[in-house]
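Trainee: Sequence:
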Amino acid sequence: MTKFTGLAFAALFVGGLAGSTAQAEETLQDLLAVQLRSQGYACDKPLKAERDDKLSKPDNEAWTLTCSNATYRVTRVPDLAAKVEVLK
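Going letter by letter, the sequence shown gives residues -24 to -1, 1 to 64 in mature numbering (1 follows the signal peptide of the UniProt record, and there is no 0).
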């Protein structure tokens, strides 16, 4: 979680900190999509990323990522591959 959060904030900082909430979400969507693709899942265009507070734990974040071609539940654990479930 720390590495992922740090990477997300670094991306915002390098981008000039001119971000709005939409820009921050876009960066998160892109990072989750890259994670999915690196594990062999297709995400043509990331549309929306929402944190699932009920399934998330301090070092185990769960996200629902909606792509143009599918929807995934992505559970991220530091230093491990993400657990990916295809929802649609």
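Keep in mind the hints are simulated off the structure, nothing from the lab.
One or more of the hints may lead you astray.
Claimed, not checked - With a Cα cut of at most 20 Å, we get these calculated PhoX-like pairs of lysine-lysine:
#	residue 1	residue 2
1	Lys33	Lys64
2	Lys59	Lys33
3	Lys64	Lys21
4	Lys59	Lys30
Trainee: Does each hint hold? Answer for all of them.
Mentor: Going down the list of hints, with the structure as the test:
{"no.": "1", "hint": "Lys33 to Lys64", "in the structure": "violated, 24 Å"}
{"no.": "2", "hint": "Lys59 to Lys33", "in the structure": "holds, 14 Å"}
{"no.": "3", "hint": "Lys64 to Lys21", "in the structure": "holds, 15 Å"}
{"no.": "4", "hint": "Lys59 to Lys30", "in the structure": "holds, 16 Å"}
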